[in-house]
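Peer 1: Now for the letters of each chain:
2 protein chains.
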Amino acid sequence: MDEDKVMVIFQPSGQRGEVPKGVNIIEASRLLGVDIEALCGEKKVCGKCIVRIEEGHFEKYGITSAADHVSPWNEEEEKFINAERRAKGFRLGCMAELHDDVLIFVPEESRAGKQVVSKAARDIHIEHNPAVRLYYVEVNAPTFEEPLGDFERICRGLEREYGITDLTIDIFTLRQVPEALRDGNWAVTVSVWNEKEVIRVRPGKVENGYGLAIDVGTTTVAGYFCNLNTMEVLDTVSMMNPQCKYGEDVMARITYHMTTPDGLKRMSDDIIEGVNELIDKAIAGTYPPKKKKKKKKGEEGPVEYVEVPEEGKTYLRLTREDVEDITIGFNTAMHHIFLSLNPEYVGLAPFPPAIHHSMDIKARDLNIKINPSSYLFVLPIEAGFVGADNVGVLLAEEPYKHDENQLIIDIGTNGELVLGNRHKLISSSCATGPALEGAQLAFGMRAAPGAIERIEIDPETKDVNYKVIGRDTWRKYSEPEEMGAKGICGSGILDVLAELYRSGVILKSGVFNKKALKDHPRFRKNPDTKLFEFILAWAEESSIDKDIVITQKDVRQIQLAKGALYAGCKLMVQRMGLEKVDTVKIAGAFGTHVDREKALIMGLFPDCKIEMIQGVGNAAGDGCRAALLNVKKRVEANWCSRNVEYIELTVEKNFQQEFMEAMQMPHMTDKFPHLDGIVADDVLNQ
Amino acid sequence: MDEDKVMVIFQPSGQRGEVPKGVNIIEASRLLGVDIEALCGEKKVCGKCIVRIEEGHFEKYGITSAADHVSPWNEEEEKFINAERRAKGFRLGCMAELHDDVLIFVPEESRAGKQVVSKAARDIHIEHNPAVRLYYVEVNAPTFEEPLGDFERICRGLEREYGITDLTIDIFTLRQVPEALRDGNWAVTVSVWNEKEVIRVRPGKVENGYGLAIDVGTTTVAGYFCNLNTMEVLDTVSMMNPQCKYGEDVMARITYHMTTPDGLKRMSDDIIEGVNELIDKAIAGTYPPKKKKKKKKGEEGPVEYVEVPEEGKTYLRLTREDVEDITIGFNTAMHHIFLSLNPEYVGLAPFPPAIHHSMDIKARDLNIKINPSSYLFVLPIEAGFVGADNVGVLLAEEPYKHDENQLIIDIGTNGELVLGNRHKLISSSCATGPALEGAQLAFGMRAAPGAIERIEIDPETKDVNYKVIGRDTWRKYSEPEEMGAKGICGSGILDVLAELYRSGVILKSGVFNKKALKDHPRFRKNPDTKLFEFILAWAEESSIDKDIVITQKDVRQIQLAKGALYAGCKLMVQRMGLEKVDTVKIAGAFGTHVDREKALIMGLFPDCKIEMIQGVGNAAGDGCRAALLNVKKRVEANWCSRNVEYIELTVEKNFQQEFMEAMQMPHMTDKFPHLDGIVADDVLNQ
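Chains A and B, in that order, are what the protein sequence lines are. Under my numbering, the first residue of the first sequence carries the number 1, and numbering increases by one thereafter. Under my numbering, the first residue of the second sequence carries the number 1, and numbering increases by one thereafter.
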């Protein structure tokens, strides 16, 4: 074995391999493809990456003790690992460096779960005008009298039949032309991009072309696989953003780039590979499902699979080459990382991106595996962190075509806001942080099985009833051990805070109502962290054998997020000289799942009639889809991105004031009279 | 060792390696990078690839005899190898397949020599208007008030300073932008291609850009390395076309593609690699020469080199990335092979190419290693075998701008003809074959040291005086063993034939004048080939220890070539309705070296005043250079290629008749009265 390498085995997955001596455990897990939560991007502040160094031994190498096979204990680890757990061999993955062979156990709480992504395509109106169109053309065979080149022969046919002139052809496509013409007996179907360039030539007549609209979020990636001719959405495919292992939010990833020599390349390669997987998923949906072929008695050999087509259903059986167009949108940081553009400056005031304008980039230049001559249309970005995803939202919602004032809020890991109407549009971003998505909290997690997503707290008894993803039955109606709770996800966060407030567990200022909670079994001061915490689920109800709690610090995190969002919205409304907005649209998965009433209780955004609050789903993705199917939307996108006035909120003079005020819970005494008394208590508590 | 491989060692080069069992010796030589002549492309007709199987042994593997380590003797080999040589172990490289380890000796006559290439740049007038221009621009640093993207910031500067609008940027260049702006303290030099696309951004002010104009011939590749700003030719670089090992002429290479599974890829990869080497050569010329660093007494270690700059000379020290534009021209087959386009159909009537039009192709898409965002401008091709090289000739000579009728003859391995004036231009190609370049003759070779290039035969004694490349002193003034003659090269061929005729060795019909040569020591019937032959150089004067002869068959080959050329010219003159042409221009290396008087004696082209015959050197390359430095020439190129009327000579009804007549030597009795009698003799001989 190489002396500069160490052997690592991760349990319970069993993944193993050699890694360079001296890397930390998080680094080793990435190299071996093991998912460990690293929400803070190795800034050593989240404490999510706890693992246990096992006292096992590798018989193969005759090693019997792993005691000093990792770097010594670091004081910073004490913040997250108490003496008892330390004695059991627990360490922080981002701290412990590997000096020799070792077996590492990754507890369930530290495993990066597979998120439940729900980004279905909405039914929005789109005019049919795709960038890639197919044309069937029949030509004459060459003769001495007409010894025209194959390509010129096709051009002459396209001009005669469809009036298209001045075409060029991609060299990769030109290589197909001589065979296609002869195989098709001088009749071919030509894919033309933007009436400019021939990007595919196939023998005979082909009816349909296909494209993919991709929305790359910080956490999830969604794709709409569309028939470019019929505009039908064949499939909606999605996946985790594989960059999550480098940090949960955009700043963590920018930090990863700045602190790791080939960090940008790694993150870029990962998302490119991810997009290629997404394409494969979309393609796979055009084949019948498969099942294992039964073996005859005594028969040996490898497992074989047979297709099991559904009766009466026809399958398109497409290949990667049948994807002939892609539109793709991101926030500014994801945009830069995807394109291997240095993201450093978009993370520093005044946040200038490398480019605003949309780009047409050959798929092959990005190593995207589709029809090799095809382009990706990269949506333009606005300013600061307001990226192409927000342009996508605008394309889908078209506030610039309406008289009413719309406030569009896209709550992802980064909050993006647009406000305005046909006369004026302004945008800004606010650092909500990942708290509203469940990250950075003691038990925050992504929307995966076991995540608490709905909650109710009895104002009298302060008892908690809740529901987890993956199980329809609420706690009240279940045996404790059936719940398998693991943490709290984004859509649950808002419920938790609103219920904590409504039930009087927390006060207007956000601090725990110690008076009301005195001696309550769910309320305690954690001896390790010294933080007050409220127990949402008892250890017996969890799959991680620990009480799932919300801490005073967690409440503060959520308050910071909602304060940033509210203050942002309010300052934008002021900027536009408005009293209030006509419509509030909430985009993103958050918008789909959020309880409108609780959002108002929380004071998530300025007052508005509850019926005028709309969830608009993955509007960014819908905008990408509009740009895929209607080339005019691409022009509109560039217009949008340059005509939305960007406001940097943090430099507005009222920002700090507004932000501080917005962190408080709103007065809701009209709706919840019992809260009246609590306001007074609050003063006493502080 | 792998059982499916055999070990081969080639002598005298000593190159060695494992190759798949069963490949023939030519194949093995290619795999190991050994150059063996294979003029016919393994059609087994040229007999150039004779090698000797050595009875050596590989001690390492304990092998003591190589007797049956190759495939059995093939009857076809008898045509080229007599019984005596067969007994010595001589075989044809294209026949003998390797069954086991073997040592192979490659005789000098079979080695592909390094050709003397002479393609200097001529002084032609070119208007300065390059496709790639450099612009220096200073911009403001970004602020919250002007948070414009880096690229948009540059665009705004370019519009303000130079009025350039609507620019796009290549993704590979965009990646340089953030650093370039900051390194240059917000001042950069931008390379703009065709006022459309930004292809390079560098910090600070840069004065000059560079480009390369490349002419890919069947046998040689020449490049002009130019300063795009001053139009100065910095260097002329050239090399053998590395595809020569696949066959000497275009048909041999097309055959190689059709008979070898990855033949096209191999040939394409080779010429791409060749062009990259040419680029390296051009770059290398911008550094001072190096010499070995002297070691101190007793000092050890690897050899080191030190630069030895010439006094007072400054060196540009350019890199590959400093090459920002390339223009490139070829004949149709070379064009297709370079671009990996199936060349099969351009070899079959009616010879339709895949494309006529010029192409702008990203260098990286062809694996050409220059500035990664830069383009190659591929000159358009005409028809049949009349390719972009002919377009290059037209661009350089501009017959379409003159009233007089010009006949432009580009004699390479394939003859390309253009005739006309500002009102009309016609073109055609004629299968001169490689005979005029010295191939396919018993002792034909490329223009390399040892090649007979000039000859004189005494009409009385029929004694021969000659000169070889690499030695200034003629035979008459040398000791026999000083000559080192090896064969006859292209420019010598014409001399030989003209002299054979002028001296009465051959008759008007081309047959040997047996009556005059009776009992002459230089004239004999070869007992092996049964062909009459005339000895040009005795074995003692040669470096290959053999008499160098010209055979009756050789004379026929040359007659066929000159007949095709003459008939082609004549038919074109007829087509244009002309009596005679005003000017004859001869392009290519052949044109530079040819003796105009002897060309007239031979009847190479229609009668014309001798002073109106001009050698125009590598006009194809000059045309490429014009297109490099003046973008209008690119438009002109496409106009040319579509407005030159192509005539397929072989289908003209008089072609066979004209061709037969043109094969004869012309009546030159006005100039050489003594030839009068020979014409009568000729009749007796036949």
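Source of the hints: derived by calculation from the structure; they are not laboratory data. Among the hints, a few may not be true.
Because identical chains cannot be distinguished in the list, a pair is counted as satisfied if it fits within a single copy or across any two copies.
Unchecked claim - Dumping the calculated BS3-like pairs for lysine-lysine here, alpha-carbon to alpha-carbon at most 27 Å:
#1 Lys313 with Lys462
#2 Lys476 with Lys462
#3 Lys424 with Lys632
#4 Lys401 with Lys205
Peer 1: In ascending order, which of the hints set out earlier in this document are inconsistent with the structure?
Peer 2: 1, 4
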